[in-house]
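Student: Residues per chain, in single letters:
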Amino acid sequence: NSELFTLTYGALVTQLCKDYENDEDVNKQLDKMGYNIGVRLIEDFLARSNVGRCHDFRETADVIAKIAFKMYLGITPSITNWSPGGDEFSLILENNPLVDFVELPDNHSSLIYSNLLCGVLRGALEMVQMDVDVKFVQDTLKGDSVTEIRMKFIRRIEDNLPAGEE
Amino acid sequence: MAIFSVYVVNKAGGLIYQLDHYAPRADTEKTFSFPLDLVLRPHDERVVVAFGQRDGIRVGHAVLAINGAEVNGRFTADGKDVLEFLGNPANYPVSIRFGRHRLSSNEKLMLASMFHSLFAIGSQLSPEVGSSGIEMLETDTFKLHCFQTLTGIKFVVLADPRQAGIDSLLRKIYEIYSDFALKNPFYSLEMPIRCELFDQNLKLALEAAEKAGPFGPGS
Numbered sequence: 010n011s012e013l014f015t016l017t018y019g020a021l022v023t024q025l026c027k028d029y030e031n032d033e034d035v036n037k038q039l040d041k042m043g044y045n046i047g048v049r050l051i052e053d054f055l056a057r058s059n060v061g062r063c064h065d066f067r068e069t070a071d072v073i074a075k076i077a078f079k080m081y082l083g084i085t086p087s088i089t090n091w092s093p094g095g096d097e098f099s100l101i102l103e104n105n106p107l108v109d110f111v112e113l114p115d116n117h118s119s120l121i122y123s124n125l126l127c128g129v130l131r132g133a134l135e136m137v138q139m140d141v142d143v144k145f146v147q148d149t150l151k152g153d154s155v156t157e158i159r160m161k162f163i164r165r166i167e168d169n170l171p172a173g174e175e
Numbered sequence: 279m280a281i282f283s284v285y286v287v288n289k290a291g292g293l294i295y296q297l298d299h300y301a302p303r304a305d306t307e308k309t310f311s312f313p314l315d316l317v318l319r320p321h322d323e324r325v326v327v328a329f330g331q332r333d334g335i336r337v338g339h340a341v342l343a344i345n346g347a348e349v350n351g352r353f354t355a356d357g358k359d360v361l362e363f364l365g366n367p368a369n370y371p372v373s374i375r376f377g378r379h380r381l382s383s384n385e386k387l388m389l390a391s392m393f394h395s396l397f398a399i400g401s402q403l404s405p406e407v408g409s410s411g412i413e414m415l416e417t418d419t420f421k422l423h424c425f426q427t428l429t430g431i432k433f434v435v436l437a438d439p440r441q442a443g444i445d446s447l448l449r450k451i452y453e454i455y456s457d458f459a460l461k462n463p464f465y466s467l468e469m470p471i472r473c474e475l476f477d478q479n480l481k482l483a484l485e486a487a488e489k490a491g492p493f494g495p496g497s
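Top line first, the protein sequences correspond to chains A and B.
All the letters of the first sequence, read from the start, carry residue numbers 10 to 175 under the numbering used here.
All the letters of the second sequence, read from the start, carry residue numbers 279 to 497 under the numbering used here.
Any given hint could be a false lead.
To be verified - List of simulated lysine to any residue pairs, SDA-like, C-alpha gap at most 25 Å:
| no. | chain 1 | residue 1 | chain 2 | residue 2 |
| --- | --- | --- | --- | --- |
| 1 | A | Lys75 | A | Arg164 |
| 2 | A | Lys37 | B | Lys489 |
| 3 | B | Lys489 | A | Ala56 |
| 4 | A | Lys79 | A | Asn31 |
| 5 | A | Lys41 | B | Lys489 |
| 6 | B | Lys461 | A | Val141 |
| 7 | B | Lys289 | A | Asp53 |
| 8 | B | Lys461 | A | Met139 |
| 9 | B | Lys289 | A | Tyr18 |
| 10 | A | Lys151 | A | Leu82 |
| 11 | A | Lys75 | B | Asp457 |
| 12 | A | Lys79 | B | Lys461 |
| 13 | A | Lys75 | B | Glu453 |
| 14 | A | Lys75 | A | Asn169 |
| 15 | B | Lys289 | A | Gly19 |
| 16 | A | Lys75 | B | Leu428 |
| 17 | B | Lys289 | A | Val48 |
| 18 | B | Lys289 | A | Leu82 |
| 19 | A | Lys79 | A | Asp32 |
| 20 | B | Lys481 | A | Arg57 |
These are calculated hints, taken from the structure and not from any lab test.
Small disclaimer: the values here were computed from a predicted structure and weren't measured.
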């Protein structure tokens, strides 16, 4: 039942806004919380979906959009705007279950409401040895037509590689 | 009981979970009179039988208890050295319990980190690029199966050599870990797993795998 999920997420964000007065801090907290979710979620994802290791960023993008988002949020974002070097892409979400029924008030104009998702993606990919930067570039809550998440591959994390993955 | 134990090793090689699932091997308790016809000698922190196998007491068995009180390594429960105690005729007749020494938790920790290193060596020795680490280790009494996840956690199962279906058991254990350990917000990653639900569900999974027998799970 996604209503409870939307309500829970909303309660979380509003409580953070009360606790932290300024939007930047709330964004940071959401990212941190997302990160903690991501490092655990990745194991659940790998255990259930049985996907193997991705060998390039394009594969990673496909797996994230077509399998992971579908499994956890029930949506399949589209992948666009590949950078020439193949290290950046955008996920376009037509609809975002976290923001059903939500309107951002004027005094929270710099709040990134769904920032939890950025943390989740960052945390999950870090556990499979990929260092990425994830941010929202378009948000329907701010008046844009779609929600766009930009993902940039920074580097492969070489320390602590599981044996056999060098 | 065809599945003997399960070990879970974290990314750094530390043991975070261990379960022994076999019935304890029969210990033998006998009353002896002086002189003892078994030859005992100290070995590591225990006193073991070196010679004189008889009646179920085999070479290598350790002294587990004297007169009903468990020994503490090389010393009896009240602090006397076992070999001295048994060398003194005044202490006879004495009842001694022998049995196969079970690994202590420290020993298991050491063995797990050693296995972690050997696992890495396994992949480095490979003539092919990108080989996995050790997936199976076989001896005449058991087979060790290991599954490493993409995040570096290893699940190790020791089972009877004839037991089939261990691959799917390892995947099932991964699912149980991601459910009952990771979804428990009070469990910190890479730390020892102390979650009741994880224990219970793991035992259920082991029993299901054993029931399926040497032919593997039915479905």
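Student: All the hints need checking, so say for each whether the structure fits it.
Tutor: Hint check:
Of the pairs offered as hints, the one joining Lys75 of chain A and Arg164 of chain A holds, with about 23 Å between alpha carbons and a cut-off of 25 Å not exceeded. Of the supplied pair hints, the one linking Lys37 of chain A and Lys489 of chain B is violated, its CA atoms being roughly 50 Å apart against a limit of 25 Å. Annotation: proposed proximity of Lys489 of chain B to Ala56 of chain A holds, straight-line Cα distance about 23 Å (limit 25 Å). Among the hinted pairs, Lys79 of chain A with Asn31 of chain A is inconsistent with the structure: their alpha-carbon atoms are about 33 Å apart, more than 25 Å.
With a C-alpha separation of about 44 Å, the suggested pairing of Lys41 of chain A with Lys489 of chain B is violated against the 25 Å cut-off. For the hint linking Lys461 of chain B to Val141 of chain A, the alpha-carbon distance of about 24 Å falls within 25 Å, and the restraint holds. Between the alpha carbons of Lys289 of chain B and Asp53 of chain A the distance comes to roughly 17 Å, so the proposed pair stays at or under 25 Å and holds. Distance restraint check for Lys461 of chain B and Met139 of chain A: the Cα-Cα separation of roughly 23 Å lies within the 25 Å cut-off, and the hinted pair is therefore satisfied.
Among the hinted pairs, Lys289 of chain B with Tyr18 of chain A is inconsistent with the structure: their alpha-carbon atoms are about 32 Å apart, more than 25 Å. The hinted pair formed by Lys151 of chain A and Leu82 of chain A meets the criterion: a straight-line CA distance of about 21 Å does not exceed 25 Å. Straight-line distance between C-alpha atoms of Lys75 of chain A and Asp457 of chain B comes to about 22 Å, which keeps the hinted pair within the 25 Å bound. A distance of roughly 20 Å separates the Cα atoms of Lys79 of chain A and Lys461 of chain B; the hinted pair therefore holds under the 25 Å criterion.
Annotation: proposed proximity of Lys75 of chain A to Glu453 of chain B holds, straight-line Cα distance about 21 Å (limit 25 Å). In summary, the hint linking Lys75 of chain A to Asn169 of chain A is not supported, as the alpha carbons are separated by about 28 Å, beyond the 25 Å threshold. Of the pairs offered as hints, the one joining Lys289 of chain B and Gly19 of chain A is violated, with about 35 Å between alpha carbons and a cut-off of 25 Å exceeded. Distance check on the hinted pair: Lys75 of chain A and Leu428 of chain B sit about 19 Å apart at the alpha-carbon level, within 25 Å; holds.
With a C-alpha separation of about 13 Å, the suggested pair Lys289 of chain B and Val48 of chain A falls inside the 25 Å cut-off, and the hint holds. Taking the CA atoms of Lys289 of chain B and Leu82 of chain A, the gap is near 29 Å; set against the 25 Å cutoff, the hint is violated. For a cut-off of 25 Å, the pair hint linking Lys79 of chain A to Asp32 of chain A is broken: about 29 Å separates their Cα positions. Distance restraint check for Lys481 of chain B and Arg57 of chain A: the Cα-Cα separation of roughly 20 Å lies within the 25 Å cut-off, and the hinted pair is therefore satisfied.
Going through the hint list in order, the structure does not satisfy hints 2, 4, 5, 9, 14, 15, 18, 19.
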